Structures are given as C-alpha cells and as structure tokens.
Amino acid sequence: MQRLSLFSVLLLTVGIVSCGSGDGESQASANDSANNAGGGGGSEPAAEAPKAEAQPWDASKGTASVTGTIKFEGDPPKVRKVDMGSDEHCQEMNAEGVMDEGAIIAADGGLQNVFVYVQKGLSDWTFTAPSETASLSQEGCTYKPHVLGVQVGQTLIIENADAVTHNIHSFGKKNKTFNQTQGKGGADLEVVFKKTEVFIPVKCDIHGWMNTYIGVVDNPFYAISAADGSFDLGKLPAGTYTIAARHEGFGLQKQEITIGDGESKSIAFSFSE
Amino acid sequence: MASGKSRGFGLFFAIVTVAIGVAVAWGFSRGWLPEVASEHGKGVDGVIHYLMWSTGVLFLVGHLALGYFIFKYSKDQAQANAAVSHRTEAKAAIAPVLAMMAVSEIGVLVVGLPVFDEIYGEAPADAITIEVVGKQFEWLVRYAGPDGVFGKVDPKLVHDSRNPLGLDKKDPAAKDDIVKRGVVTIPVDKTCVVNLRSHDVIHSFTVPFFRTKQDTLPGFTARTKFVPTKEGQFELACAELCGLGHYRMQGKVVVMNNEDYEKWLSEQESWL
Numbered sequence: 026m027q028r029l030s031l032f033s034v035l036l037l038t039v040g041i042v043s044c045g046s047g048d049g050e051s052q053a054s055a056n057d058s059a060n061n062a063g064g065g066g067g068s069e070p071a072a073e074a075p076k077a078e079a080q081p082w083d084a085s086k087g088t089a090s091v092t093g094t095i096k097f098e099g100d101p102p103k104v105r106k107v108d109m110g111s112d113e114h115c116q117e118m119n120a121e122g123v124m125d126e127g128a129i130i131a132a133d134g135g136l137q138n139v140f141v142y143v144q145k146g147l148s149d150w151t152f153t154a155p156s157e158t159a160s161l162s163q164e165g166c167t168y169k170p171h172v173l174g175v176q177v178g179q180t181l182i183i184e185n186a187d188a189v190t191h192n193i194h195s196f197g198k199k200n201k202t203f204n205q206t207q208g209k210g211g212a213d214l215e216v217v218f219k220k221t222e223v224f225i226p227v228k229c230d231i232h233g234w235m236n237t238y239i240g241v242v243d244n245p246f247y248a249i250s251a252a253d254g255s256f257d258l259g260k261l262p263a264g265t266y267t268i269a270a271r272h273e274g275f276g277l278q279k280q281e282i283t284i285g286d287g288e289s290k291s292i293a294f295s296f297s298e
Numbered sequence: 035m036a037s038g039k040s041r042g043f044g045l046f047f048a049i050v051t052v053a054i055g056v057a058v059a060w061g062f063s064r065g066w067l068p069e070v071a072s073e074h075g076k077g078v079d080g081v082i083h084y085l086m087w088s089t090g091v092l093f094l095v096g097h098l099a100l101g102y103f104i105f106k107y108s109k110d111q112a113q114a115n116a117a118v119s120h121r122t123e124a125k126a127a128i129a130p131v132l133a134m135m136a137v138s139e140i141g142v143l144v145v146g147l148p149v150f151d152e153i154y155g156e157a158p159a160d161a162i163t164i165e166v167v168g169k170q171f172e173w174l175v176r177y178a179g180p181d182g183v184f185g186k187v188d189p190k191l192v193h194d195s196r197n198p199l200g201l202d203k204k205d206p207a208a209k210d211d212i213v214k215r216g217v218v219t220i221p222v223d224k225t226c227v228v229n230l231r232s233h234d235v236i237h238s239f240t241v242p243f244f245r246t247k248q249d250t251l252p253g254f255t256a257r258t259k260f261v262p263t264k265e266g267q268f269e270l271a272c273a274e275l276c277g278l279g280h281y282r283m284q285g286k287v288v289v290m291n292n293e294d295y296e297k298w299l300s301e302q303e304s305w306l
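Going down the list, the protein sequences come from chains A and B.
Residue numbers for the first sequence follow my numbering, so the first one is 26 and each next one is one higher.
Residue numbers for the second sequence follow my numbering, so the first one is 35 and each next one is one higher.
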C-alpha cells in the first residue's frame, strides 16, 4: 500500500512537471507566432541608461521644440474593411464596417500611427513615471487607440467596453507578458511596464483582427503621428538626440538632431513597403 | 453450505451488475448524434452505430454472464473455488478474443473502408477546393479566386490584421486570392476539398454536423473532403486542445445553393 502511494505521488509529480513544461512550450510558440505576426513587433533598444550623475528632470529646462512629419513613399498598400465574420456580435456592433488601422495613409502620403520617441540623448536626466494613468479600451471589437505610448512605471488601465468577451494577450520580450480574459462588464486590468520596449504587440486571442502596439519609454518625449502624419515631441532641453520612429508594419527609422535652447526643429521621416 | 446472508449478497450484486450493463447499453443505443448534413456523414454514423451495437451486445452478454455466476456461486463457496480444466479455461479466454477480433475486423474492412474512401478518396473534377488555416485561435479560409490557383504564401509576410496568411504579392496567382476569417462558405451537393494547414500548433478542423474531423499540423498540408447535403449554418470547431483560447476557436460553415454561392463568390474582394 505504501509502495503504491509512493508510486502515485511520483506519477503525479511527473505529470505536473510535464504539464508545466508543456505550457511553457506553448507560451514560447505563441511568442514566436506573435513576433512573426506582429510585423513591427519585436523590441528595439528604447533608450540608453541615465548617467551616474544624472539629475531629476526639470521641466523648465525644456525650451527646444521638435516636431515633424511622417510620409509614406510609393504605392500605398490596400486598405480593407476588417472581416469580423467569425463573431456576429462584433459584426452587429459595426454595421457600417471598420477599416483596418494597420496602414492609414493620407492623400498626401501622411502616415498615421507611427510611434516617435527620443531614443538617445537624455542620459543627463532621470524621469519619474507620471501619476496619470494611460488607458486602452476594447470597443466595438477594436482596440482604442491602435498605437499607444506609456512611460516605464506608469499604470495602464485596460477596459472592456464591449458586451462580448475579449482576451487581451501581450507579447513583450523584456516586460512580463499578460494573457487575460475580460468578459462583459469585467473588471479593468491594471498593468505597469518595468522596462523600455518598443513595441510590445498586443492582440485578442478571440478576435484575430484585434491588435494594438504599445511603446514603453523612460521619458515623456514621445508622440504618435496624427492622421496627416504630423507629430510633436514637446519641449526638450538643448542637446543632441537620436529620434526613432517605428511603424508596426514598415519598421524602424532613426535620425540624429542637435538643437539649442529656444530653437524649433522639424524633421521628416519617410517609410515605404 | 452458504448462509442466507451470502445468498442475499449474491442476489444483490447479480442484480446490480446486470442493471449496470442494461442501463449503459440502453443509454448508448439512443439517438444522441446531431443531424447529419453531409453525404459521408451517414457512413460515419453507420460505423459508430455498428461499434455501439456490436460492443454493446458483447458488453451486455458479459454482464449477464457475470450476474449469473455471482448468483450461482454465492450458494456454495467451495464450489466457487473449484478449479476448472485448462481446456475449459482456454476456451473461456479465447472466445471473447475471437469475438472482439471479428467485431473489429468487420468494422474496419466491411463498414469502415467505404467511408474512408468517401473522405480521403479522389475528388470529382467539378469539386471546389478551399484552404483552411488554423492559428491560435481562429480559422482562416482562402479561395483561389478567378484564376483557380492558390498563390504563394510566406510566413515572413504574415501580419495578424494586414496579411493574416502571408500572401506574397510578387506572385501573380496570389493577387486574386480571397481570404475570410472564421466562415467557410460552400455550395450544397458539391464535393468540397479542404486543404488544411496550421500556423502554430496542432489544430483539428471539426464540423460535427458533417461528421468531419481532421487534424492539421504545422509544416504539413492535410486534406479532407465532404459533400454538404443541407443548406444552413453549421458549427466549425477545433477539436485539438491548442492553448488557452482553444474553447473560443469557433467558426461556422455556411452552406448555400450553387447559384447563391457563385454570386457570393463573385462579390468577394481579393485580399491583396
């Protein structure tokens, strides 16, 4: 009897260990799949570490303006209505149809939803996370916004405003991933990212067309390009910076600029397929 | 001699044993399968019913015999322990083996093979061919478009919303391919060949009303076929545990008359 019990315990242990490793494998596989699927997913070094003598950021030192525009060159890719055929509730919520937000290009080539940020040049300063929360909403079986920026340590609130169940799943490489089902009226999810990472692809495991991209940076100088492709990084201190622009499908571009106190500079990025 | 108590126990266990056998056989003999909506589905049901009836009868006979022996030998313990001859023991052991072999071989060769041919045999020339791709956690459906040729796909080009199948726009054959999410639309009374692929893990393309269930593995193209016999909407499910969202990996099969299908197909926009 004792032998039998010992055998049962061993069997159970082996079973639990196998189940655990199996889960890990599926997680790894899901990550790989998401990296392929993400296109613009996968992380880039978002910023350099602050110097030892770095000072806490003083907003009064921010006197230089960096703005710019982002254009798409070449034949724009086809923009189609999102096919929500697999969920009739999502279809009902969008009777007129929803256009895919993967590549929104204005008539003059302005490219929307590009995440622009200061990648290098701010190592003299340290930044604290803002107390305001960032928000991501699941509405009409789409993510609003489609591209989102947050600072390291800032709280991101994720809500499900739909009457259907969603499953929000992140595929970050540096930050801890989350994979959470949110039913109708379910509690909001609070997430805090601890490391810089651009982008963290996020998708809904139930509705394959739903995806969003989160850029996590350690400073407040980031922007998401508007419908006309314009962006404004705010007031920076004088210095030399590497400005990076990342689009989910068209990749990453960088430019170096030097700007003095009180100056304004406009930079232009150009993407193509 | 047995006491009255052991005789009572014998009768009780004999009745319980027979009752379990009868109840299980009765339960499985009932019509619990969903409606059949494909040609080969009747054959699959035939295989299921054949197995249920043949094994059900053997199961019932076994329980009746067991109940009989429990009751018979509860009378006299000494008689119950008496050894039988090797010859009798061999006969009693071989008889059920032969019976089960007959059941399984008849099932495979006589009942099963014709159905297997319906599912995996050659398709007629007028069959329509579609591609269904499983990914965590949805089904993607591709039609070849007016040229009748499926264009090249490349995993590197896959993007969840912009290009879920990774269609290669450099291949002219890919330019007219139609991609749909979660809904397989097909005509009634026409053979439909389904080429199945997977983007990630093992999935199983399952349409219970068609009695269709085919695993799809990453790196392979599996094939199945069926002829829908009823118009309407039918559930498409994944029958292989493929991850946390497996339970939501649902879609539907919409079966319409040929005229409506041709009209529907002509209205669909190519993906690229």
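Hints may contain errors.
Just a sample of chain A residues kept apart from chain B, beta carbon distances all over 10 Å, derived [stated by the list, open to error]:
| id | residue |
| --- | --- |
| 1 | P102 |
| 2 | G127 |
| 3 | M235 |
With a straight-line cut-off of 27 Å between C-alpha atoms, the simulated DSSO-like cross-links for lysine-lysine are [as the list claims (entries may be wrong)]:
| id | chain 1 | residue 1 | chain 2 | residue 2 |
| --- | --- | --- | --- | --- |
| 4 | B | K214 | A | K96 |
| 5 | B | K214 | A | K103 |
| 6 | B | K297 | A | K106 |
| 7 | B | K297 | A | K96 |
| 8 | A | K103 | B | K204 |
| 9 | B | K190 | A | K199 |
| 10 | B | K190 | A | K201 |
| 11 | B | K286 | A | K96 |
| 12 | B | K214 | A | K106 |
| 13 | B | K109 | A | K103 |
| 14 | B | K125 | A | K106 |
| 15 | B | K190 | A | K106 |
| 16 | A | K103 | B | K186 |
| 17 | B | K204 | A | K106 |
| 18 | A | K103 | B | K76 |
| 19 | B | K190 | A | K279 |
| 20 | A | K103 | B | K224 |
Pairwise CB distance ranges (calculated) [as the list claims (entries may be wrong)]:
| id | chain 1 | residue 1 | chain 2 | residue 2 | range |
| --- | --- | --- | --- | --- | --- |
| 21 | A | P101 | B | M86 | 53 to 61 Å |
| 22 | A | S255 | B | K224 | 35 to 43 Å |
| 23 | A | T158 | B | E265 | 50 to 58 Å |
| 24 | B | K224 | A | T267 | 56 to 64 Å |
| 25 | B | E269 | A | E164 | 23 to 31 Å |
| 26 | A | Q280 | B | E265 | 41 to 49 Å |
| 27 | A | K209 | B | L67 | 28 to 36 Å |
| 28 | A | E164 | B | A207 | 31 to 39 Å |
| 29 | A | E113 | B | G155 | 30 to 38 Å |
| 30 | B | P206 | A | L277 | 28 to 36 Å |
| 31 | A | K219 | B | K186 | 40 to 48 Å |
| 32 | A | A186 | B | R257 | 40 to 48 Å |
By construction, these hints were calculated from the structure, which means they are not laboratory data.
In this text, all values refer to a predicted model and were calculated from it rather than measured experimentally.
Just so it is clear, CB atoms sit at the ideal spot from N, CA and C, and this is done for glycine as well.
Hint check:
1. For P102 of chain A, the non-interface assignment is contradicted: its Cβ lies about 7 Å from the closest Cβ of chain B, within the 10 Å cut-off.
2. Here G127 of chain A does not stay apart from chain B, with its beta-carbon only about 4 Å from theirs, under the 10 Å limit.
3. Here M235 of chain A does not stay apart from chain B, with its beta-carbon only about 8 Å from theirs, under the 10 Å limit.
4. Using a Cα cut-off of 27 Å, the hinted pair K214 of chain B and K96 of chain A is violated, with the two alpha carbons roughly 31 Å apart.
5. Taken as a hint, the K214 of chain B and K103 of chain A pair is honoured in the structure, with Cα atoms around 16 Å apart against an allowance of 27 Å.
6. Our distance criterion of 27 Å between C-alpha atoms is met by K297 of chain B and K106 of chain A, whose separation comes to about 20 Å.
7. For the hint linking K297 of chain B to K96 of chain A, the alpha-carbon distance of about 40 Å lies beyond 27 Å, and the restraint is violated.
8. Of the pairs offered as hints, the one joining K103 of chain A and K204 of chain B holds, with about 15 Å between alpha carbons and a cut-off of 27 Å not exceeded.
9. This hinted pair checks out: K190 of chain B and K199 of chain A have alpha carbons roughly 22 Å apart, not beyond 27 Å.
10. The hinted pair formed by K190 of chain B and K201 of chain A meets the criterion: a straight-line CA distance of about 25 Å does not exceed 27 Å.
11. For the hint pairing K286 of chain B with K96 of chain A, the CA-to-CA distance comes to about 41 Å; that exceeds 27 Å, so the pair is violated.
12. Between the alpha carbons of K214 of chain B and K106 of chain A the distance comes to roughly 12 Å, so the proposed pair stays at or under 27 Å and holds.
13. Proximity of K109 of chain B to K103 of chain A is assessed by CA-CA distance (about 86 Å); at most 27 Å being required, the pair is judged violated.
14. Between K125 of chain B and K106 of chain A the CA atoms are separated by roughly 71 Å; this puts the pair beyond 27 Å, and the hint is violated.
15. Between K190 of chain B and K106 of chain A the CA atoms are separated by roughly 23 Å; this keeps the pair inside 27 Å, and the hint holds.
16. Distance hint between K103 of chain A and K186 of chain B is fulfilled; the C-alpha atoms sit about 18 Å from each other, no more than 27 Å.
17. Restraint check: the Cα-Cα separation between K204 of chain B and K106 of chain A comes to about 23 Å, which is no more than 27 Å; the hinted pair holds.
18. A hinted pair counts as satisfied when its Cα atoms are at most 27 Å apart, and K103 of chain A with K76 of chain B does not qualify at roughly 45 Å.
19. For a cut-off of 27 Å, the pair hint linking K190 of chain B to K279 of chain A stands: about 23 Å separates their Cα positions.
20. A C-alpha spacing of about 33 Å is found between K103 of chain A and K224 of chain B, which places the hinted pair above 27 Å, so the restraint is violated.
21. Between P101 of chain A and M86 of chain B the C-beta distance comes to about 60 Å, which sits within the given range of 53 to 61 Å.
22. Checked against the given bound of 35 to 43 Å, the beta carbons of S255 of chain A and K224 of chain B, roughly 54 Å apart, lie outside it.
23. With their beta carbons about 51 Å apart, T158 of chain A and E265 of chain B fall inside the hinted range of 50 to 58 Å.
24. Between K224 of chain B and T267 of chain A the C-beta distance comes to about 60 Å, which sits within the given range of 56 to 64 Å.
25. Roughly 28 Å separates the CB atoms of E269 of chain B and E164 of chain A, a value that falls within the hinted 23 to 31 Å.
26. Judged by the Cβ atoms, the range 41 to 49 Å given for Q280 of chain A and E265 of chain B is violated: they are separated by roughly 59 Å.
27. The given range of 28 to 36 Å is respected by K209 of chain A and L67 of chain B, whose C-beta atoms sit roughly 33 Å from each other.
28. The supplied range of 31 to 39 Å is met by E164 of chain A and A207 of chain B, whose beta-carbon atoms lie about 38 Å from each other.
29. Checked against the hint of 30 to 38 Å, the pair E113 of chain A and G155 of chain B passes, with Cβ atoms roughly 35 Å apart.
30. For P206 of chain B and L277 of chain A, the Cβ-Cβ distance of about 31 Å falls inside the hinted range of 28 to 36 Å, so the restraint holds.
31. The beta-carbon spacing between K219 of chain A and K186 of chain B, approximately 42 Å, falls within the hinted interval of 40 to 48 Å.
32. In this structure the hint that A186 of chain A and R257 of chain B lie 40 to 48 Å apart at CB holds, the actual value being about 42 Å.
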